[in-house]
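All chains, full assembly: derive it from the sequences and hints.
These protein sequences, in sequence, are chains A and B. When we follow full-length UniProt numbering, the leftmost residue of the first sequence carries the number 1, and every step to the right adds one. When we follow full-length UniProt numbering, the leftmost residue of the second sequence carries the number 1, and every step to the right adds one.
There could be a bad hint or two in this list.
The list treats identical chains as one, so a pair stands whether inside a single copy or across any two.
Unchecked claim - Straight-line C-alpha distance at most 25 angstroms; calculated DMTMM-like pairs for lysine to aspartate or glutamate:
| hint | residue 1 | residue 2 |
| --- | --- | --- |
| 1 | K45 | D62 |
| 2 | K92 | E79 |
| 3 | K36 | E47 |
| 4 | K45 | D30 |
| 5 | K39 | D59 |
| 6 | K57 | E79 |
| 7 | K57 | D30 |
| 8 | K45 | E74 |
| 9 | K80 | E47 |
| 10 | K94 | D62 |
| 11 | K84 | E74 |
| 12 | K36 | D62 |
| 13 | K77 | E91 |
| 14 | K94 | E74 |
| 15 | K84 | D59 |
| 16 | K95 | D30 |
| 17 | K36 | D2 |
| 18 | K39 | E90 |
| 19 | K57 | D2 |
| 20 | K39 | E91 |
| 21 | K94 | D2 |
| 22 | K92 | D59 |
| 23 | K92 | D78 |
| 24 | K80 | D62 |
| 25 | K92 | D2 |
| 26 | K39 | D62 |
Treat the hints as calculated values from the structure; they're not laboratory data. Because the structure is a prediction, the values reported are computed rather than measured.
Okay, here's what each chain looks like letter by letter:
Protein chains: 2
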Amino acid sequence: MDTQFGIMIRTLRVGLNLYLRQVAPLLQMDTAQLSKIEKGQRQLKREQIPLLASILKADQNDLLTLWLADQLYEIVKDEKLGSKAIQVIEEKIKKRKH
Amino acid sequence: MDTQFGIMIRTLRVGLNLYLRQVAPLLQMDTAQLSKIEKGQRQLKREQIPLLASILKADQNDLLTLWLADQLYEIVKDEKLGSKAIQVIEEKIKKRKH
DNA sequence: ATATATTTGCCAAACTTCGACAAGTCAATT
DNA sequence: AATTGACTTGTCGAAGTTTGGCAAATATAT
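This is the structure we're talking about:
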């Protein structure tokens, strides 16, 4: 049930010696929720990523990338055709570029 | 608002000279819903894909792949970091194999 | 035992998607 | 220009899912 995003933000938070209690209010949530987010049981709202990145002194694009990757993974995690589906959108996105 | 899945099943249906009116009841829905599904405004339930594949004489894996690709695309379609996120899960899925 | 940090369980509120129906458009036919 | 048949669109309540907030539980250190 772990997520790459959750693991990353926990690592960053702990690295900065911050407690859930300190970070959660900055995101207007309680510690229980942030705990769940770090453990991948809840999703942080997309629009809160920049704020969290600044709190954790991280690159917001890096965090967003992990967050998106988790959303994608959720869809294909139990699908044997997952890789194939990924190839299909990869193509589609390439074509759409610019 | 088009989806690859929707375009495909419409193409197949039309190719078989079937009307929405004929196909929809086999999926236990009305024509309006199937029309929306073909136009990408509603999602077919994952578990109905095999039945639809058999109605349309298509390979169910092929349809499922497109269906999954549409779900993935929905997440990254407006994201400039989409390709990066896709690379990230692609890696993750490779590692998980077997 | 107490204090602090985190986790878990629960449930109502908020949000999203779906199903069903009615009314609408469009093209061909009479 | 009225009718018919195929498909589309809009609406709206129902059903389903996710979230937020609280209280209690656990864990660890003092």
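**OP:** Have a look at K80 and D62 and pick one of within, between, both or neither, based on CA distance no larger than 25 angstroms.
**Re:** between (28 angstroms within a copy, 12 angstroms between copies)
Subject >> Within, between, both or neither, where K92 and D2 count as close if Cα-Cα is 25 angstroms or less >> reply: between (29 angstroms within a copy, 13 angstroms between copies)
**OP:** Have a look at K36 and D62 and pick one of within, between, both or neither, based on CA distance no larger than 25 angstroms.
**Re:** Answer is within; shortest intra-copy Cα gap is 20 angstroms, inter-copy 36 angstroms.
Subject >> Intra- versus inter-copy proximity for E47 and K80 (alpha-carbon distance at most 25 angstroms) >> reply: Only across copies: K80 and E47 sit 15 angstroms apart there, 32 angstroms inside one copy, limit 25 angstroms.
**OP:** Check K92 against E79 for me: Cα-Cα at most 25 angstroms, and say if that holds within a copy, between copies, both or neither.
**Re:** Answer is both: 20 angstroms inside a copy and 13 angstroms across each meet the 25 angstroms cutoff.
Original post:
Are the CA atoms of K94 and D62 at most 25 angstroms apart within a copy, between copies, both, or neither?
Top reply: Both. Shortest intra-copy (20 angstroms) and inter-copy (21 angstroms) distances satisfy the 25 angstroms Cα cut-off.
Original post:
Is it within, between, both, or neither for K39 and E91, if the alpha carbons may be no more than 25 angstroms apart?
Top reply: between (32 angstroms within a copy, 21 angstroms between copies)
**OP:** First find the shortest C-alpha distance between K84 and D59 inside one copy, then the shortest across copies, and answer within, between, both or neither for a cut-off of 25 angstroms.
**Re:** between (30 angstroms within a copy, 14 angstroms between copies)
Original post:
For K94 vs D2, is the C-alpha pair at or below 25 angstroms within one copy, between two copies, both, or neither?
Top reply: The answer is between: 17 angstroms across copies meets 25 angstroms, while 29 angstroms in one copy does not.
**OP:** Classify it for me, K36 with E47: is the Cα-Cα distance of at most 25 angstroms met within a copy, between copies, both or neither?
**Re:** Answer is within: at 18 angstroms inside a copy they meet the 25 angstroms cutoff, but 30 angstroms across does not.
**OP:** Since the copies are identical, ignore which copy is meant and state whether K94 and E74 lie within 25 angstroms (CA to CA) inside a copy, between copies, both or neither.
**Re:** Answer is both; intra-copy 22 angstroms and inter-copy 15 angstroms each pass.
**OP:** Can you give me the call for K77 and E91, within, between, both or neither, at a CA distance of at most 25 angstroms?
**Re:** Intra 20 angstroms, inter 13 angstroms, cutoff 25 angstroms: intra and inter.
Violated hints amount to a single one, hint 16; each of the other numbered hints is respected by the structure.
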